[in-house]
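Protein chains: 2
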Amino acid sequence: MQTPAASARHDPERVVAVVHALAARFGNRLVTARAVREQHANTTTWIANQPPDAVVFPQATDDVQEIVRICAAHRVPVIPFGVGTSLEGHVNAPLGGVSIDFRDMNRVLAVHAEDLDCVVEPGITRKALNEHLRDSGLFFPIDPGADATLGGMAATRASGTNAVRYGTMKDNVLALEVVLANGELMTTSRRAKKTAAGYDLTRLMVGAEGTLGVITSLTLKLSGIPEAIAAGVCPFPSVEACCNAAILTIQSGIPVARIELLDALQIKASNAYSKLTLPEVPMLFLEFHGSDASVAEQSKRFGEIAGELGGGPFDWAIKVEDRSRLWQARHDAYWAGRSLRPGAQAIPTDVCVPISRLAECVAATQADIAENHLVAPIIGHVGDGNFHLTLLVDLADADETKRAQALCERLVERAIAMDGTCTGEHGVGQGKMKYLAAELGEPALLAMRAIKQALDPQGIMNPGKIVA
Amino acid sequence: MQTPAASARHDPERVVAVVHALAARFGNRLVTARAVREQHANTTTWIANQPPDAVVFPQATDDVQEIVRICAAHRVPVIPFGVGTSLEGHVNAPLGGVSIDFRDMNRVLAVHAEDLDCVVEPGITRKALNEHLRDSGLFFPIDPGADATLGGMAATRASGTNAVRYGTMKDNVLALEVVLANGELMTTSRRAKKTAAGYDLTRLMVGAEGTLGVITSLTLKLSGIPEAIAAGVCPFPSVEACCNAAILTIQSGIPVARIELLDALQIKASNAYSKLTLPEVPMLFLEFHGSDASVAEQSKRFGEIAGELGGGPFDWAIKVEDRSRLWQARHDAYWAGRSLRPGAQAIPTDVCVPISRLAECVAATQADIAENHLVAPIIGHVGDGNFHLTLLVDLADADETKRAQALCERLVERAIAMDGTCTGEHGVGQGKMKYLAAELGEPALLAMRAIKQALDPQGIMNPGKIVA
Numbered sequence: 001m002q003t004p005a006a007s008a009r010h011d012p013e014r015v016v017a018v019v020h021a022l023a024a025r026f027g028n029r030l031v032t033a034r035a036v037r038e039q040h041a042n043t044t045t046w047i048a049n050q051p052p053d054a055v056v057f058p059q060a061t062d063d064v065q066e067i068v069r070i071c072a073a074h075r076v077p078v079i080p081f082g083v084g085t086s087l088e089g090h091v092n093a094p095l096g097g098v099s100i101d102f103r104d105m106n107r108v109l110a111v112h113a114e115d116l117d118c119v120v121e122p123g124i125t126r127k128a129l130n131e132h133l134r135d136s137g138l139f140f141p142i143d144p145g146a147d148a149t150l151g152g153m154a155a156t157r158a159s160g161t162n163a164v165r166y167g168t169m170k171d172n173v174l175a176l177e178v179v180l181a182n183g184e185l186m187t188t189s190r191r192a193k194k195t196a197a198g199y200d201l202t203r204l205m206v207g208a209e210g211t212l213g214v215i216t217s218l219t220l221k222l223s224g225i226p227e228a229i230a231a232g233v234c235p236f237p238s239v240e241a242c243c244n245a246a247i248l249t250i251q252s253g254i255p256v257a258r259i260e261l262l263d264a265l266q267i268k269a270s271n272a273y274s275k276l277t278l279p280e281v282p283m284l285f286l287e288f289h290g291s292d293a294s295v296a297e298q299s300k301r302f303g304e305i306a307g308e309l310g311g312g313p314f315d316w317a318i319k320v321e322d323r324s325r326l327w328q329a330r331h332d333a334y335w336a337g338r339s340l341r342p343g344a345q346a347i348p349t350d351v352c353v354p355i356s357r358l359a360e361c362v363a364a365t366q367a368d369i370a371e372n373h374l375v376a377p378i379i380g381h382v383g384d385g386n387f388h389l390t391l392l393v394d395l396a397d398a399d400e401t402k403r404a405q406a407l408c409e410r411l412v413e414r415a416i417a418m419d420g421t422c423t424g425e426h427g428v429g430q431g432k433m434k435y436l437a438a439e440l441g442e443p444a445l446l447a448m449r450a451i452k453q454a455l456d457p458q459g460i461m462n463p464g465k466i467v468a
Numbered sequence: 469m470q471t472p473a474a475s476a477r478h479d480p481e482r483v484v485a486v487v488h489a490l491a492a493r494f495g496n497r498l499v500t501a502r503a504v505r506e507q508h509a510n511t512t513t514w515i516a517n518q519p520p521d522a523v524v525f526p527q528a529t530d531d532v533q534e535i536v537r538i539c540a541a542h543r544v545p546v547i548p549f550g551v552g553t554s555l556e557g558h559v560n561a562p563l564g565g566v567s568i569d570f571r572d573m574n575r576v577l578a579v580h581a582e583d584l585d586c587v588v589e590p591g592i593t594r595k596a597l598n599e600h601l602r603d604s605g606l607f608f609p610i611d612p613g614a615d616a617t618l619g620g621m622a623a624t625r626a627s628g629t630n631a632v633r634y635g636t637m638k639d640n641v642l643a644l645e646v647v648l649a650n651g652e653l654m655t656t657s658r659r660a661k662k663t664a665a666g667y668d669l670t671r672l673m674v675g676a677e678g679t680l681g682v683i684t685s686l687t688l689k690l691s692g693i694p695e696a697i698a699a700g701v702c703p704f705p706s707v708e709a710c711c712n713a714a715i716l717t718i719q720s721g722i723p724v725a726r727i728e729l730l731d732a733l734q735i736k737a738s739n740a741y742s743k744l745t746l747p748e749v750p751m752l753f754l755e756f757h758g759s760d761a762s763v764a765e766q767s768k769r770f771g772e773i774a775g776e777l778g779g780g781p782f783d784w785a786i787k788v789e790d791r792s793r794l795w796q797a798r799h800d801a802y803w804a805g806r807s808l809r810p811g812a813q814a815i816p817t818d819v820c821v822p823i824s825r826l827a828e829c830v831a832a833t834q835a836d837i838a839e840n841h842l843v844a845p846i847i848g849h850v851g852d853g854n855f856h857l858t859l860l861v862d863l864a865d866a867d868e869t870k871r872a873q874a875l876c877e878r879l880v881e882r883a884i885a886m887d888g889t890c891t892g893e894h895g896v897g898q899g900k901m902k903y904l905a906a907e908l909g910e911p912a913l914l915a916m917r918a919i920k921q922a923l924d925p926q927g928i929m930n931p932g933k934i935v936a
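Line order of the protein sequences matches chains D and F.
Residues 1 to 468 (my numbering) are what the first sequence spells out, left to right.
Residues 469 to 936 (my numbering) are what the second sequence spells out, left to right.
Hint data in this document are derived by calculation from the structure and do not stem from the laboratory.
A virtual CB, placed ideally from N, CA and C, is assigned to each residue, including glycine.
Don't take every hint at face value.
[Unchecked claim] For each label pair, taking beta carbons as the anchor points, the in silico distance ranges come out as: (1) His373(D) x Ala581(F): 53 to 59 Å; (2) Arg75(D) x Lys870(F): 35 to 41 Å; (3) Asp615(F) x Gln345(D): 42 to 48 Å; (4) Asn598(F) x Glu131(D): 41 to 47 Å; (5) Gln796(F) x Glu409(D): 53 to 59 Å; (6) Gln328(D) x Lys787(F): 26 to 32 Å; (7) Arg325(D) x Asp572(F): 58 to 64 Å; (8) Ala581(F) x Ala110(D): 54 to 60 Å; (9) Leu577(F) x Pro255(D): 48 to 54 Å.
[To be verified] Just a few of them, taken from the derived set where beta-carbon distance is under 10 Å, the chain D residues facing chain F: (10) Arg157; (11) Val281; (12) Asp384.
[Said to hold, decoys possible] Below, a list of computed lysine-lysine pairs in the DSS-like style, where the Cα atoms sit at most 30 Å apart: (13) Lys689(F) x Lys300(D); (14) Lys221(D) x Lys743(F); (15) Lys736(F) x Lys870(F); (16) Lys319(D) x Lys768(F).
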């Protein structure tokens, strides 16, 4: 098994040839201005901005095939780009190359309401899709917070607040069309709800971060908009109590749709930013979906669990405006967190552990933050054992930066030691490559490299991500 | 991209060397008796029995690694074997080789009740696992009918009656340990409920039918045994009405746990075989899981849907013995079908289509059966758009056999033309390899071959299945 990408080097002559060929085909849909190139590299975290050599805006699948063929002919990298909300440097171009921006491929190609599915282009965002679906009584449930594109969400195996009930992107993509490294268009599956026909190419491409091919269309499972939705917040005496309430809720089989932890620091930030008046203690934000009777029953049972753990009172409001305000505040948690320390760089990171270890992992991480005099509110999709830190770091302070980096390393080590993963939903990108061997072992890494080499022998598909 | 398996040829000298080496290590756990070898090849369908050269019974993972290493050194195939209930020739040895029978690797290694997961060896059957779990309040929901092994169920991406609510094996395997073609042991994932850490090796191995590696341990998601279960049968005036009731049930968001179609011929067979007294018309068998209030509500709402479509009355019984009798009859449907025509060979086959096309696909298939004077009861996991024929064929009648084969071809063509798949849950094995190109296209097939070549360059892992 060989290391791929050996041939993908930044060679100015090849790049010139590619830009020339792309310009001939795409005219002013090919852009090489520095500002545009920089916007198409990592802008969200402390990973350095590594701009591509050019950005191209395809309008159809055969445009994408042509871009990949031109790049392949010159062994120049291609990097798919949605809206750039990824957090681990996925859109960076460490070896240069061409960023494929799917801005203009954002159509809904079909809605099959009877089959509870739809077919979309990769550039549509989740909010735009749900807006389109609104009158159908259906929705696409995966909600990573940011208004990311569906192509990017599939590529990074995104999940978010609803995953505890509706699963992640791996569970909600039925089929993909993918342009392979040779420019051929591959269909991974058909539209049947299940299949046992060969290797699961759909799931192989979901989470591959563009390193095996470029997604040009997605067939997505949809869900019925629930008849009734109840949402509410519940205070707890400690983060451990929050986690234990989440554990008991899951174990009791309550089909909770969202169960989100915000620690006391995050609540303080959200109170200030979102004009809430919540008590500044650890909180769970919850949502229940079902019939009227079912959401009432779920809410009641959760309230009992909370009470047993010293939490509560649990207020559940089903008024749409109350619910929207609550979840807007949850979605703005990142921005609220940032406002705790204006001027600091926000460094979001995530891990995921078996739920039985969650309370211990969060508590140990809070202690680690305090011991190292760092500022890092915690939020978590605790029904899945997944939580996030938003480290707020003054990058001008070398010592603080070093402490923050070391904390991130320990966080991952702690999660892996608990049989967890270095990332529950952000993906590997550039930022977490170094942890894969510790998490999965050398044979898994060699298998990933062999697959990469098999499908991308020239190493041109988003090189420098996941596998070296 | 090259064709793999070119080097895996049946060479008597290599086989002698392998048998010698295995006998030295495994003693009487290596068997070469013809009768045993024949039992370890396909015995369930009209696909010819192609016995392996030897059968070995490992007791631990390192036994499996040693078997694979010995076979790899001599380029002799290895074929994993559970209990032999697969239906598409998965356990056949067309190029000879060594069958690895997991009979003695059937332990439950861990139950993590708090995390709703367990770790098992591949040779445990689903009934044995659920027996083991009984006192924990948890169960493993995937139920393909046969008491298959979990290793075989993962390898073939099995699903069955509960899949409409609980998903298929792809949704219920958290992680695998897999012995690769070089004898190395790969861990595909850790025990966190979700992960975004690299390629989804778990899903790549689920459904790979042993062609990419041999599963030696599985981490499985478990579900809580529902507080209440309601089950019942509902007659309908036509198969179309049954399918439409299933479609409306799914579209209404009723979280039905099982929704199974039995056509009039199957009901006739089941009445005779299982001593039931059901009216001999198309029927749905249903099961609802939840709280007392929830199953009552689900049952009521389904009854309303059935009534609107001319079906009913819908009797739902929650007495355990009634429910058991009902599902025993459903599970015995295959044997009941066979008893319609003693002496005939039973040929089970399955396809899956988008649910909006299900009624049309089933009706066209029934017409095709009638026009060709064949006997073939239909049963279906209709909530997923998946249905089965059990063709009862007199193989001594060449013309009938030809008509039956042609019907199977048309069934697959019909499903694929409706954007469906040649197999919803039985897998590809030997029997359905010829349909993959029509279903997925050449680029997908080439990608599968490239992955096969990358992970099994000598072509020794269950060769002659899925990809040639």
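Structure-based check of all given hints:
Separation of histidine 373(D) from alanine 581(F) is about 39 Å and departs from the stated range, judged on CB atoms against 53 to 59 Å. Our hint of 35 to 41 Å for arginine 75(D) and lysine 870(F) is violated, since their Cβ atoms are close to 53 Å apart. Taken as a hint, the range 42 to 48 Å is violated for the pair aspartate 615(F) and glutamine 345(D), whose Cβ atoms sit roughly 57 Å apart. Range check, asparagine 598(F) to glutamate 131(D): Cβ separation about 44 Å, and the 41 to 47 Å hint holds.
Between glutamine 796(F) and glutamate 409(D) the beta carbons are some 55 Å apart, a value that agrees with the proposed interval 53 to 59 Å. Distance hint check: the CB atoms of glutamine 328(D) and lysine 787(F) are about 49 Å apart, inconsistent with the given range 26 to 32 Å. The beta-carbon spacing between arginine 325(D) and aspartate 572(F), approximately 60 Å, falls within the hinted interval of 58 to 64 Å. Range check, alanine 581(F) to alanine 110(D): about 43 Å between beta-carbon atoms, so the 54 to 60 Å window is missed.
The given range of 48 to 54 Å is broken by leucine 577(F) and proline 255(D), whose C-beta atoms sit roughly 29 Å from each other. Nearest Cβ of chain F to the Cβ of arginine 157(D): about 5 Å, under the 10 Å cut. The hint holds. Interface restraint check: valine 281(D) against chain F, minimum CB-CB distance 25 Å, threshold 10 Å, status violated. Below 10 Å, beta-carbon pairs count as interface contacts, and aspartate 384(D) has one with chain F at about 5 Å; its hint therefore holds.
Under the criterion of a C-alpha separation no larger than 30 Å, the hint pairing lysine 689(F) with lysine 300(D) is consistent with the structure, at around 26 Å. Between the alpha carbons of lysine 221(D) and lysine 743(F) the distance comes to roughly 40 Å, so the proposed pair goes past 30 Å and is violated. For the hint linking lysine 736(F) to lysine 870(F), the alpha-carbon distance of about 26 Å falls within 30 Å, and the restraint holds. Between lysine 319(D) and lysine 768(F), the direct Cα distance comes to roughly 27 Å. Compliance with the 30 Å bound is thereby established for this hinted pair.
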